[in-house]
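Asks: Put together the whole structure using the sequences plus the hints.
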Amino acid sequence: MAKDNESNEQKSFPITQWAEEDRPREKMLAQGKKALTDSELIAILLRTGVKGTSAIDLAQKILANNKNRVTELARLEVADLTTHYKGLGTAKAVTILAALELGTRMLKEANNDKEDFIKSSDDLFHYIAPLIIDLSNEEFWAIYLNSRNKVIKSQRISIGGYTQTSVDIRVLFKGALENGAIALAVAHNHPTGHLEPSKADKELTQRISAAGETLNIKLMDHLIVGIRPDGRRDYYSFTENGLL
111 MAKDNESNEQ
121 KSFPITQWAE
131 EDRPREKMLA
141 QGKKALTDSE
151 LIAILLRTGV
161 KGTSAIDLAQ
171 KILANNKNRV
181 TELARLEVAD
191 LTTHYKGLGT
201 AKAVTILAAL
211 ELGTRMLKEA
221 NNDKEDFIKS
231 SDDLFHYIAP
241 LIIDLSNEEF
251 WAIYLNSRNK
261 VIKSQRISIG
271 GYTQTSVDIR
281 VLFKGALENG
291 AIALAVAHNH
301 PTGHLEPSKA
311 DKELTQRISA
321 AGETLNIKLM
331 DHLIVGIRPD
341 GRRDYYSFTE
351 NGLL
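In our numbering, each residue's number is its place in the sequence shown (first place is 1) plus 110.
I should point out that these hints are in silico values taken from the structure, not numbers from a laboratory. This one's a predicted model, so the numbers in the text were calculated from it and none came from an experiment. One or more hints might be untrue.
Stated by the list, open to error - Quick list of the computed label-pair ranges, beta carbon to beta carbon:
1) S257 / K177: 39 to 47 angstroms
2) A189 / G162: 21 to 29 angstroms
3) G303 / L139: 32 to 40 angstroms
4) K144 / K312: 37 to 45 angstroms
5) R266 / L139: 38 to 46 angstroms
6) G271 / A208: 24 to 32 angstroms
Note that CB positions come from ideal geometry on N, CA and C, so glycine has one too.
Replies: Structure (structure tokens):
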């Protein structure tokens with residue numbers, strides 16, 4: 111059935127029949143890629159519209175349904191797109207999500223190619239956010255540091271569900287000892303966008319801090335990151351809020 115949908119889409123709204131202002135490929139060639147809006151870039155990935163809807167209109171609809179934010183769109187799965195947009199087949203959905211995943215990996219790659227120093231909560235946020243901020247499930251990460259607060263290694267400790275993840279403190283400090291860390295920072299994401307720590311978050315932070323004191327490995331900060339309901343990428347710092 112998906113193949114038939116794709117076949118129908120190929121016949122609908124060929125780019126040569128679009129109005130001049132609705133031809134994003136030509137606009138990119140004439141003005142450069144940065145001149146295109148998010149919906150125009152998505153329209154290029156779609157290539158054609160679906161019955162009764164141009165590629166531009168479909169792209170605008172998809173974005174509008176995701177708060178007009180690419181980061182929200184990147185959280186979707188193929189089934190989310192094919193189910194909610196009539197006539198949008200698997201091939202188009204895969205193309206969109208593959209392009210978004212490449213963008214995410216580009217940020218992670220750039221993050222890995224430079225030396226990172228964590229000297230503030232803001233430094234920690236900019237380091238960890240590309241890894242976890244747009245995930246649809248919680249992940250807990252440790253960032254191991256040397257005596258100059260340079261990142262030795264970052265490591266995912268656990269993967270959880272939409273609202274929680276469990277953490278084995280033994281695994282957390284095993285990584286610190288194996289990498290010769292003098293200090294560490296930890297972080298996890300809240301997919302809900304509500305960044306206030308739960309009682310469990312606070313208790314876990316205190317347990318990590320106490321274990322670190324025993325091993326003479328300082329816990330610099332615990333960050334909760336996420337995309338707030340208003341679309342703002344933000345964090346909650348235990349250190350900045352006097353909880354460490």
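Asks: Tell me, in ascending order, the numbers of any earlier hints that this structure violates.
Replies: As far as the earlier hints go, not one is violated by this structure.
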